[in-house]
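Take a look at the letters that make up each chain.
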Amino acid sequence: MRDVSIVGIGQTKVGEHWEKSLRDLAVESLWAAMDEVGIEKADALYVGNMLGGQFVGQEHLGTLIADFAGLRGTEAFRVEAACCSGAAALRQGYLAVASGLHDIVAVTGVEKMTDALGCTTAAGLATATDGDYEASQGLSLVAVHALLMRRYMYKYGATNADFAMFAVNAHRNAVGNPYAMFHRPISKDAFEKARMIADPINLLDSAPVADGAATLVLCPREQASEFSTQPIRISASAVATDSVALHDRRDLLFLESAYLSAKRAYQQAGVGPDDIDVFELHDAFTIMSALSLEACGFAERGEGYRLGQNGNISLEGPTPICTMGGLKARGNPVGATGVYQVVEVVEQLRGQAGPNQVQSPRLGMAQNIGGSGGTAITHIMEAMN
Amino acid sequence: MDMPRHWRLKEQRYNLVGTECLICGAKLFPPRPVCPDCNSKQMQPFTFSGQGEVYSYSTIFEAPLGYEGFIPYAVALVKLKEGPVVTAQLTDLDNDEAQVGMEVEMVTRKLREYGEDGVIVYGYKFRPIGWY
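Which chain is which? The protein sequence lines are A and B, in order. Residue numbers for the first sequence follow the working numbering, so the first one is 1 and each next one is one higher. Residue numbers for the second sequence follow the working numbering, so the first one is 1001 and each next one is one higher.
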């Protein structure tokens, strides 16, 4: 096994890109990352994407994107793990470089969601659930999370408003991220007045659907200085699974996949939650922020929602999360999100996060979650200088 | 065509047939070929009573394609008397009526239609006990 470094990043702005297709977005981010590294070829391209087949009628994405990026002939294919397809593609790239089979690997996450209408989007996202036993009962992905949130609130005595600061923090941070979808802060009051999607989840509990693409370029650590003055080491890469269906969990209010993947990542990197300076967690819904913080060791069970309330999660706090806006306010182009998270951790570790720069971070963690917790993929990155 | 996909599930949708593990006794819905508790593959069919209580609930205001006509509608996690939790719609109650702990029973209802030439899908929903 070889150590793996990230030497290049690229991203498109997240938003509603009416004038750009899925392939346009993917190529744009791929070229941005390859330009930064100064390469025109890669040994392999792995594409993270969840919904291309459903939303734009396009599968076979690895090959399509390789072809249109000028990489015809290159090994390329798509990796899918619902909402954590992006991190799954990074995992694939990591394995390819760590194994010694490839030296230069590009990982692109891409999603094109805004061509589809609302109810089609909801049906597409619901394919992340158990189709025969959740989606076919009329459940949206939001509704599955609403059942999770309601039970959490019932058990721990939390209210809907107690989750507001996760959304407020994300929107505040997105203001300083030029690639984010939203650049307007929101108030706690606006959160409490937002319309319900599936109660208790309201519009501002939920990350928005969006278009976007992000790319990472990986290489062996010993070659990294040839390609970058600020290579970022991948100290850990870990995947864990649970039941796809929420109702099949051993413990409904504990994200076992997130716990296991974080635990494996901490072991691989030889660190613990106290060592993590920046945490890009999977805030698809505010309840997931609370549950991820608990599963990854930043809060006791039933206490995760309180972390949002007292400044702990802000850029200046002990556990900065969603430092560039998170899924909530950077936007959630689903299959691209896991790659965006790591791009943002790299920006922080390089000291390139602009007004959102966390003070001298050394270790950053990104956790991408599929469905309501069926899959969780955790990566830990380390600044090398 | 969606017909076989729904037809295959008729025992689950109409009769709540799951499995029972012959080794550890776990009762499971939906049916599984291997027990998640003890890893045994010695499973036999088990028909649930359909009695249970609401473990969590939500009212859906933005529905997936195929369910738009029902909004707003209540959904729940129902903890069956025999142990497992099932995801289903609640029926025969007002949308602000659901509560954690409410006793419910399975009934057969229409889940959705697939247009003029498509199938009408029936399946389980749950209603409060003693509602009528």
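What the hints contain is simulated information worked out from the structure, not anything from laboratory work. Predicted model, so just to flag it, every value in this text is computed and none were measured. Ideal Cβ placement from N, Cα and C applies to all residues, glycine included. Hints should not be assumed to be uniformly reliable.
[What the hints assert, rightly or not] Each computed DSSO-like pair below joins lysine-lysine, with the alpha-carbon atoms no more than 27 Å apart:
hint	chain 1	residue 1	chain 2	residue 2
1	B	Lys-1110	A	Lys-155
2	A	Lys-193	A	Lys-155
3	B	Lys-1081	B	Lys-1110
4	B	Lys-1079	A	Lys-155
5	B	Lys-1027	A	Lys-41
[Unchecked claim] Here are a few chain B residues that sit away from chain A, every Cβ distance over 10 Å (derived from the structure):
hint	residue
6	Met-1003
7	Gln-1012
8	Phe-1046
9	Gln-1051
10	Glu-1062
11	Ala-1063
12	Val-1085
13	Glu-1097
14	Arg-1112
15	Arg-1127
16	Gly-1130
Hints violated by the structure (listed by number, smallest first): The structure breaks hints 1, 5, 7, 10, 11, 12, 14; every other hint is satisfied.
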